[in-house]
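Asks: Sequence:
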Amino acid sequence: HSHTFAHIRNPSQAERAPTAAALANLAAAAGVSYMERSSVSASKAGAAGQVLLNVGPSMMEYEALASSHIAAGSTQAALITCERNQACFTAWGRPFVYHARLLTSLNRLEEARDVSRHSLSLPLWTLDAPLAEVCGMAQSNVEEVVADLELRAAGRLLPAELRANNGFDKRTPQQVATQRASALLDLAVAAPDRYTWCSMREELAELYREADLEAFATFVLPDQTI
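If you're matching positions, the sequence shown starts at 1 in this note's numbering and goes up one per residue.
The hints are simulated quantities; they were obtained by calculation from the structure and are not laboratory data. One or more of the hints may lead you astray.
Keeping only pairs whose Cα atoms sit at most 25 Å apart, straight-line, the calculated SDA-like set for lysine to any residue is [claimed, not checked]: (1) K170 with G155; (2) K170 with A91; (3) K170 with S182.
Using the sequences plus the hints, can you model the full thing?
Replies: Here's what the structure looks like:
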């Protein structure tokens, strides 16, 4: 009902002044700078740039900054921003997916393929994107990803990995267990109709124990490990 909010109005500049002054004092006491919204909007870096400069790395703010560069016609600046995002969050798939989408929009499909393939080597729950879309950019498909993950979940190396190691598996038992656990978690994303978080808890806990990661086992299955 619109009349419910009829009494709400935007404060005048005079009314905002005491609040702005109080925020500026708090910022000074904390040893940080304070900028009003109008100043942030007018700054060259914009809101996203100010957050990155004065607060810290954020995937969403890097994406917003890259998008603003594209809107301004600065393709190179946008791509550099994507690379910075990836460098800050190397273990997360989302920055690589955003970069791949941007490269795809620029018709740089081979680069998009390579970036997408790297994102698929990271935990799939960090992609924050439909797996089928990422597979498409990687010139692969979900079925291939699932097949590879099932090999890993069984403790085996992929054929390409075996070739790279002259047919030998040089991993320690702890490494094998850790990689099996990671593959299981990925299967819950890639094939949720066959693998669920609940159904794999006991196996995950056992693998983490084999990997000497008792804290992880306790987190996954607290009732049986406390």
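Asks: Assess, step by step, whether the Cα of K170 is no farther than 25 Å from the Cα of G155, and give holds or violated.
Replies: Holds, at about 12 Å.
Asks: Quickly compare the C-alpha distance for K170 and S182 to 25 Å and report which way the hint goes.
Replies: holds, 18 Å
Asks: Within 25 Å, alpha carbon to alpha carbon, are K170 and A91?
Replies: holds, 24 Å
In this structure, every one of the numbered hints holds.
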